[in-house]
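Chemist: First to last, the protein sequences are chains A and B.
All the letters of the first sequence, read from the start, carry residue numbers 401 to 509 under my numbering.
All the letters of the second sequence, read from the start, carry residue numbers 1419 to 1538 under my numbering.
A hint or two may mislead.
[To be verified] 27 Å max Cα-Cα, derived DSS-like pairs, lysine-lysine: (1) Lys417(A) - Lys441(A); (2) Lys1427(B) - Lys441(A); (3) Lys1427(B) - Lys468(A); (4) Lys403(A) - Lys1427(B); (5) Lys441(A) - Lys456(A); (6) Lys1427(B) - Lys1475(B).
These are computed hints drawn from the structure, not numbers from a lab.
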Amino acid sequence: ELKVEQNPLFLSMQEGKNYTIYCNYSTTSDRLYWYRQDPGKSLESLFVLLSNGAVKQEGRLMASLDTKARLSTLHITAAVHDLSATYFCAVDISRQLTFGSGTQLTVLP
Amino acid sequence: DSGVTQTPKHLITATGQRVTLRCSPRSGDLSVYWYQQSLDQGLQFLIQYYNGEERAKGNILERFSAQQFPDLHSELNLSSLELGDSALYFCASSVALGHGTGSLTYNEQFFGPGTRLTVL
């Protein structure tokens, strides 16, 4: 059974600081997705990572995928309050997505 | 706005009742997925339909069923409701089934706004 583990589960950080969210998974996959969810809202697609070594960047967020280590990271640079949300990684096995537990990020002024 | 619509937005009902949740996928998307999100179970895949046919089942209870109609909208039916069924139910859609493992195929799913179900 595929297990997808995110850490940390809760992250409180100061504005302007950098931090990384980790997503480990237990079965080989070369497709991984990151989503953002605001409280009570839907999931918004952030990044699609399709191969080993893939790196995508959008604004202050950068995602990478290491399929050999079965690890994806979501790096936050110079955090701002607007980034406060829950971030999920999702691993694609045979086109079925298994989600991590989510990382609830709070950016403090 | 992802282009996926779900109705109703909120649903409050009693234990033992039956409800139907509705989803319309993005224009052109053939695959529809249903997910349940709760505090204790997280985001769980329930079931997938592709062009009217069931393609995959996840952790879906026998009391739950779904279908996809010729116009590609989908309905999730929940019956004999229990308190523990209270959750956010999301529908997502994607372009295709995603056959094979070619480097260009992937399965980015676009999520609807969800239906919040409260069972009292």
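Chemist: So, for every hint listed, does it hold in this structure?
Modeler: Here is how each hint holds up against the structure:
no.	hint	result
1	Lys417(A) - Lys441(A)	holds (26 Å)
2	Lys1427(B) - Lys441(A)	holds (11 Å)
3	Lys1427(B) - Lys468(A)	violated (41 Å)
4	Lys403(A) - Lys1427(B)	violated (31 Å)
5	Lys441(A) - Lys456(A)	holds (24 Å)
6	Lys1427(B) - Lys1475(B)	holds (24 Å)
Checked against the numbered hints given earlier, the structure breaks hints 3 and 4 and satisfies all the rest.
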